[in-house]
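The listed protein sequences derive, respectively, from chains A and B. What the first sequence shows, in numbering that gives the first Met the number 0, is residues 0 to 591, in sequence order. What the second sequence shows, in numbering that gives the first Met the number 0, is residues 0 to 345, in sequence order.
Don't read these hints as lab results, they were simulated from the structure. Model, not experiment: these values are computed from the prediction. Ideal Cβ placement from N, Cα and C applies to all residues, glycine included. Honestly, I wouldn't trust all of these hints.
Said to hold, decoys possible - Restraint-style ranges between C-beta atoms, simulated for each label pair:
#  : chain 1 : residue 1 : chain 2 : residue 2 : range
1  : B       : 167       : A       : 567       : 36 to 42 Å
2  : B       : 161       : A       : 247       : 24 to 30 Å
3  : B       : 11        : A       : 146       : 37 to 43 Å
4  : A       : 183       : B       : 343       : 52 to 58 Å
5  : A       : 256       : B       : 136       : 53 to 59 Å
6  : A       : 329       : B       : 121       : 33 to 39 Å
7  : A       : 301       : B       : 76        : 25 to 31 Å
8  : B       : 99        : A       : 556       : 45 to 51 Å
9  : A       : 567       : B       : 55        : 45 to 51 Å
10 : B       : 128       : A       : 567       : 41 to 47 Å
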Amino acid sequence: MKDKGIRINICMGTGGIAAGGAQVMEAFKKELRKAGIKASVGKRCTMHKVGCRGLCAKDVLVDVVKDGNKFTYQFIQADMVPRIVQQHLIENNPVSEWLVGEDYHNFHNKQVKVVLSDCGNIDPEDIEAYIKVKGYEALKTVLKKLTPEKTIEIIKKSGLRGRGGAGFPTGTKWEICRGVEAEQKYIICNADEGDPGAFMDRSVIEGNPHAVIEGMTIGAYAIGADIGYVYIRAEYPLAVERLKLALKQARKKKLLGKNILGTKFSFDIKIKLGAGAFVCGEETALIASIEGERGMPRAKPPFPVHSGLWGKPTVINNVETLANVPYIIRNGDKWFSSYGTEKSKGTKVFALTGKVKNSGLIEVPMGITLKEIIYDIGGGIENDKALKAVQTGGPSGGCIPAGMVDIKVDYESLAQVGSIVGSGGMIVLDEDDCMVNVAKYFLQFTQAESCGKCVPCRIGTKRLLEILDRITKGNGKETDIELLEKLGNDVKSASLCGLGQTAPNPVLSTIKYFRHEYEAHLKGKCPAGVCKDLLTYYILEEFCKGCGACMRACPAGAITGERKKPHKIDPEICIKCGACFEVCKFKAVGKE
Amino acid sequence: MVKLTIDGKTITVPKGTTVLDAARKLDIPIPTLCHHPKLTPFGGCRMCIVEIKGIPRPVTSCTTPVTEGMEVITSSPRLEDLRKTILELILSDHPNDCMVCERAGDCTLQELAYFYGIKENRFQGERRRYEKRDGNPFIERDMEKCILCGRCVKVCSEVQGVGAIDFAYRGFNAKICPPYEHDLDCEFCGQCVAVCPTGALTGKMWALKGRQKEIKEVDTVCAYCGTGCNITLHVRRNEVVRVTSKENTWNEGWLCVKGRFGYKFINSPDRLKTPLIKKRGKFKEVSWEEALDYTAKKLNAIKKKYGPDSIGGLSSARCTTEENYLFQKFIRAVIGTNNVDHCARL
């Protein structure tokens, strides 16, 4: 039966708000009141803030559902609202030119949404909205019908593995912790998402915080913890606010706190804000940070499951891992393990960015090929340029060359080619990207974020970075590539924590697949034309009309020439800013 | 008890023992920089890495507890190669001015560089530059020589309970400093100086007084208080140039500011070496016999004229327990009053 009401969903994740979501919502309120719609349909007209649905590039996204028919608008601003209300809601004639196009649907069609299934559809600030889509039913099932052991068995059977990067089987982790005898145990949700360009965890918490709380509570029951912590970046104010609200609502409904749902099980969650250190995503550094210490990793073993927070057995799971749990319990382990490959089950959320047409948040079944992600979901390369490589796994990951795009995306396959699934960063690089520069970019990040505790990471990454820097500046030495490989491998082997153990990956994988680019740099050329110091700008006399535009644009005064006669660039004075290249209408400025 | 093999040798050690301690029991040498037997393990320098069967990556022996049946290899081409890389990395960010360094000859980093024969360094690049600036008279901090082993931080918080310093900043810029990089303002016990494996922390008054050559070590007991810490005087040409304490003493090698840095009086021209008696408004040097006779005569006279309760005795914390016992006995039994007290009674 068709719903006769009107429902308006406005994307109010961080991306949506940044694009003007709050103003759009205000405009809808005002226009609906003005048009008298609220009065005529009464309670049947509802407006909802919803979380991220992935395609932030097209925000503000607005769903208008009238009489059961859903239309989605893209790039909506407040001043466009009156026309939507008038034409769509009153005249029943959707504003076709503002509706999302085929690419929006393509973006979603190949995705399989588990963790994100309710994100973008429900109001994250309303616990009832989550309950309406069967929220907290998994918790009820677990607490009233399942023993902790049985719960662990379901998670083990489902094949769920840690989504934070390492891919450790979640059920096994829970089982080990359950087996450790202790009066006090803890469960921690790692929401210290620090990879540049990654926003999977933020979107999940912003879009469906209750799923994380439910997953965490189930985990706590399974291992026998009564206190949980969500360690979340302070740079995620909206996520923190929604999480706090969700915790409050859950406590009020007796879904958290003493004797949850009338059972003997008690559990509560505290929030600990991170202070912006990438290394605090490493579990032992995260524990140190909660304890009030400087966020520096501790040596393992002992592992946190044996001796974690304040020396007590502790399970640390990533946001996405925990958000999967309620869906697995509700739909069964077989349903979950029907997605994915033999060893990598279920789905994974990726932040698809870089030179791809549709960038945004995607959830795909494990085992999908890179090609499907880039071309079917991502819509191909921007400006239809040639794909060069895909960088996966953030600063700890590696680069996969274009020739390998048929590779399956799962833990094992990516590891085999020298990269990782990681927390889910996926950066598409095209022919204009210099691989040496890409490696340098990531190393700059890891070097700056190294905690400084161990020598290989603190000094080793610095030396790696210095070598890369001199290569991109044309001062590389003949032995530098071998030195990078040697030092990179040593830093990987000898570093204390995951940060140092993976920091050389971008360097090593780019050397592996793009050695020729490194060699070209040593010979004084940057094939992609990115490294400034290796570039020369020159004027192609046969195309130059002598208009003087480049001369006026040049901030260094490096260009000379008479009007209507070919100009010249003095390479000694040229600062290689590219202003002349940009400004020339006749393509008379060349660079190499 | 846990049984394991290290380099093919079997040993049984109590549960909770680290691989490093087990190896040392077998007299197997493993190089370390950040490890200190009296401080909690740190695992930062990575020199003590070992290979353990079943674990793909090398692990630090100082942090890894032994497990039953564990098979450990402490030296292999791969391990020695990694250790060499680590040392070269440290030395690539070090002044390497051993020629004029206070700690030359007593520096763990120098020793390891020597044993690994590091003459040339594959890694060269930026070095940290810091200005020396502390105004205190005790501790010299040359942070360019700091290898961030964290021993000073640990001794300050774990042993001394002060926490005057900690790690700050990240990455290559990480350093150890007091809060907000203020000047060091602590109790100057110098425990940090004692545990520093390089020349980053030294005693200010040690400067240019002599290193290891021509030093005679004299073991004695600190006279500052009744605690009686064992100290070792470093004497060069009949002058005390440094005070240290050995780890196997009952005070475990720990000292306070007075014992460690308060030795200037020994060679001070103002030092009193004989008793003085004021005669006609001026102090005059006298023999101990004369001084004791004079004191006894005066005490007797006062006691006779005003009674024993007109006399009181105040003893010193610098005396031993036995001396303090004798003193109160003297006041009570000989003088005949209970007016006796001690400066450390509070």
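Hints, verified against the model:
no. : hint                          : verdict
1   : 167(B) <-> 567(A): 36 to 42 Å : 52 Å, violated
2   : 161(B) <-> 247(A): 24 to 30 Å : 41 Å, violated
3   : 11(B) <-> 146(A): 37 to 43 Å  : 40 Å, holds
4   : 183(A) <-> 343(B): 52 to 58 Å : 42 Å, violated
5   : 256(A) <-> 136(B): 53 to 59 Å : 58 Å, holds
6   : 329(A) <-> 121(B): 33 to 39 Å : 57 Å, violated
7   : 301(A) <-> 76(B): 25 to 31 Å  : 29 Å, holds
8   : 99(B) <-> 556(A): 45 to 51 Å  : 50 Å, holds
9   : 567(A) <-> 55(B): 45 to 51 Å  : 60 Å, violated
10  : 128(B) <-> 567(A): 41 to 47 Å : 43 Å, holds
Consistency note: the structure conflicts with the earlier hints numbered 1, 2, 4, 6, 9.
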